[in-house]
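All residue numbers for the sequence shown refer to our numbering, where the first residue is 1 and numbers rise by one.
In case anyone wonders, no lab produced these hints; they're calculated from the structure.
Note that the structure is a prediction, hence the values are computed from the model and not measured.
Be careful, since some hints might not be right.
Label pairs and their calculated CB-CB ranges [to be verified]:
1) N406 to A167: 31 to 37 Å
2) P200 to S443: 53 to 59 Å
3) G230 to R78: 36 to 42 Å
No farther apart than 20 Å at their CA atoms in a straight line, the calculated lysine to aspartate or glutamate pairs in the DMTMM-like style are these [said to hold, decoys possible]:
4) K361 to E378
5) K155 to E172
6) K361 to D281
7) K361 to E42
8) K155 to D169
9) K155 to D182
10) K361 to D280
11) K155 to D110
12) K155 to D94
13) K361 to D395
14) K155 to D166
15) K155 to D190
By construction, the Cβ of each residue, glycine as well, lies at the ideal position given by its N, Cα and C atoms.
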Amino acid sequence: MTTVDGPKNVIWIVTDQLRAQATGYAGDPNVATPHLDRLAAEGANFTRAVSGSPLCCPFRGAMVTGRYPHHNGVPGFRDPLPEDARTVAHAFNDAGYRTCYIGKWHLDGDRPGFGTGWDNDQTRLIPPERRGGFTDWWAYENRNRPFDCQLHTDKGRVPGSLPVLDAADGMERFRVPGYETDGLTDILLDWLGEQTRDRPEQPFFAVLSVQPPHNPYTAPGGDMARHTPGDVRLRPNVPGIAPVTERAQRDLAGYYAAIERVDDNVGRIRAALDELGLTDDTYLVFFSDHGDLHGSHGQWRKTGPWEESIRIPFVIGGPSREHQNSNRPDVPVNHVDIAPTTLGLCGLPVPPEMEGTDYSKLATTPGIRPPTWDGPPEDAYLSLPVPPGHPQSVDRAWRGIVTRDNWKYVCLEGQPWLLFDLDEDPYELANHALDPAYQAVRSDLHARLRRWIECTGDSFALPTI
Numbered sequence: 001m002t003t004v005d006g007p008k009n010v011i012w013i014v015t016d017q018l019r020a021q022a023t024g025y026a027g028d029p030n031v032a033t034p035h036l037d038r039l040a041a042e043g044a045n046f047t048r049a050v051s052g053s054p055l056c057c058p059f060r061g062a063m064v065t066g067r068y069p070h071h072n073g074v075p076g077f078r079d080p081l082p083e084d085a086r087t088v089a090h091a092f093n094d095a096g097y098r099t100c101y102i103g104k105w106h107l108d109g110d111r112p113g114f115g116t117g118w119d120n121d122q123t124r125l126i127p128p129e130r131r132g133g134f135t136d137w138w139a140y141e142n143r144n145r146p147f148d149c150q151l152h153t154d155k156g157r158v159p160g161s162l163p164v165l166d167a168a169d170g171m172e173r174f175r176v177p178g179y180e181t182d183g184l185t186d187i188l189l190d191w192l193g194e195q196t197r198d199r200p201e202q203p204f205f206a207v208l209s210v211q212p213p214h215n216p217y218t219a220p221g222g223d224m225a226r227h228t229p230g231d232v233r234l235r236p237n238v239p240g241i242a243p244v245t246e247r248a249q250r251d252l253a254g255y256y257a258a259i260e261r262v263d264d265n266v267g268r269i270r271a272a273l274d275e276l277g278l279t280d281d282t283y284l285v286f287f288s289d290h291g292d293l294h295g296s297h298g299q300w301r302k303t304g305p306w307e308e309s310i311r312i313p314f315v316i317g318g319p320s321r322e323h324q325n326s327n328r329p330d331v332p333v334n335h336v337d338i339a340p341t342t343l344g345l346c347g348l349p350v351p352p353e354m355e356g357t358d359y360s361k362l363a364t365t366p367g368i369r370p371p372t373w374d375g376p377p378e379d380a381y382l383s384l385p386v387p388p389g390h391p392q393s394v395d396r397a398w399r400g401i402v403t404r405d406n407w408k409y410v411c412l413e414g415q416p417w418l419l420f421d422l423d424e425d426p427y428e429l430a431n432h433a434l435d436p437a438y439q440a441v442r443s444d445l446h447a448r449l450r451r452w453i454e455c456t457g458d459s460f461a462l463p464t465i
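From just these sequences and the hints, can you work out the full model?
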């Protein structure tokens, strides 16, 4: 079934709201992530990866389709993935792979009869035609509660002795007791064991999608006890105002505890791959859908274009990596690049409808330089197409660009907004959007952003400058 010698399987480990800065290997003194540190050291650590749309649904739509939110049918928070959308799962299915999705989906949108509350989202049963092509399925639409999550699957596939809560249309809903990251990892490990036992010759593509460290920023008691809010060191761009710093430290204490629990489970997955004899055949791709501001610039959570919101971890680990340490590709990998790059790791063709770039060779061949445009882009493009109504950060549509040489430029409709030299100003404290001294830089970035908007058929109205 495999198309290339060597690694043929892929596991995505997708977290929610984990900013790139919040790991040990990224230098955060507040958190210990030894398993992720090892993955980054042995694998390819894309240090400039971004969430092109720092909100759950638009990112996830781009993640599975390889298409920008204004093309893939999921531009906003409540838009469902179209049933006819072609995804990375379809490409793997067509190549003979087994595909599996475990955990948070958040691509089923608002549906008549379900309302918009978290209880409705977590108990909704999503039929096979709305699962983006994934064949094996233990998932939920959305919830903001990291304990005792409720999943659904096809009838007869509830793991172990977990009780069935209800059933309809050939599907069953069940509760996974305990902390979500642990319980979902248990299901993945069971599935990997079954795959190895029953289908050892069939390659697989599996997704483990966990909600933590998304708010409410909590973890099991032992993890929480290691983090005292008053000891949390804040980023320099968090204003020194008591209500801001106190909330940021309180939230971050739980956030870091949840991240450490994610790290523990990454270690469990790697140990299971060793035990099952899959290590030499499997890539691990670790990333998040977006970051979390935690008081930086006086704002919270996501949707804004600041570094804490858009920068995400993106690490590819796998066999043959141990002797290729310190591979740190500097390209600004974007959400639309994840699916093409994953297919490229397995030697599979990228479907023509995908708009992203296959960066797999940068992961497997340290030191290689990507071709410049008109090949893979030197820039990543950012967008918040539909304001989500989140009151704690930006709630206006915007578009932006991040370049390989570390400039960032962002516009609101009809208005230049942000311009940062990230090499000189990594905390984004000096905005040059209206500074005459930066007119040439602004004009160049504006022209590149306009080109992308026009080439992709985006309707966003850039200002005239």
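Hints, one by one, checked against the model:
1. Between N406 and A167 the beta carbon distance is about 53 Å. The supplied range of 31 to 37 Å is therefore violated.
2. A hinted range of 53 to 59 Å for the beta carbons of P200 and S443 is consistent with their spacing of about 58 Å.
3. Between G230 and R78, the C-beta spacing of about 38 Å keeps the proposed range 36 to 42 Å intact.
4. Annotation: proposed proximity of K361 to E378 holds, straight-line Cα distance about 16 Å (limit 20 Å).
5. For the suggested pair K155 and E172, the alpha carbons sit about 5 Å apart, so the restraint of at most 20 Å is met.
6. The hinted pair formed by K361 and D281 meets the criterion: a straight-line CA distance of about 17 Å does not exceed 20 Å.
7. Taking the CA atoms of K361 and E42, the gap is near 16 Å; set against the 20 Å cutoff, the hint holds.
8. With a CA separation close to 9 Å, the supplied pair K155 and D169 stays within the 20 Å bound.
9. For a cut-off of 20 Å, the pair hint linking K155 to D182 is broken: about 23 Å separates their Cα positions.
10. Distance check on the hinted pair: K361 and D280 sit about 18 Å apart at the alpha-carbon level, within 20 Å; holds.
11. For the suggested pair K155 and D110, the alpha carbons sit about 24 Å apart, so the restraint of at most 20 Å is broken.
12. About 25 Å separates the Cα atoms of K155 and D94, which puts this hinted pair outside 20 Å; it is violated.
13. Straight-line distance between C-alpha atoms of K361 and D395 comes to about 38 Å, which puts the hinted pair past the 20 Å bound.
14. For the given pair, K155 sits about 11 Å from D166 by alpha-carbon distance, which is consistent with the 20 Å threshold.
15. In summary, the hint linking K155 to D190 is supported, as the alpha carbons are separated by about 17 Å, within the 20 Å threshold.
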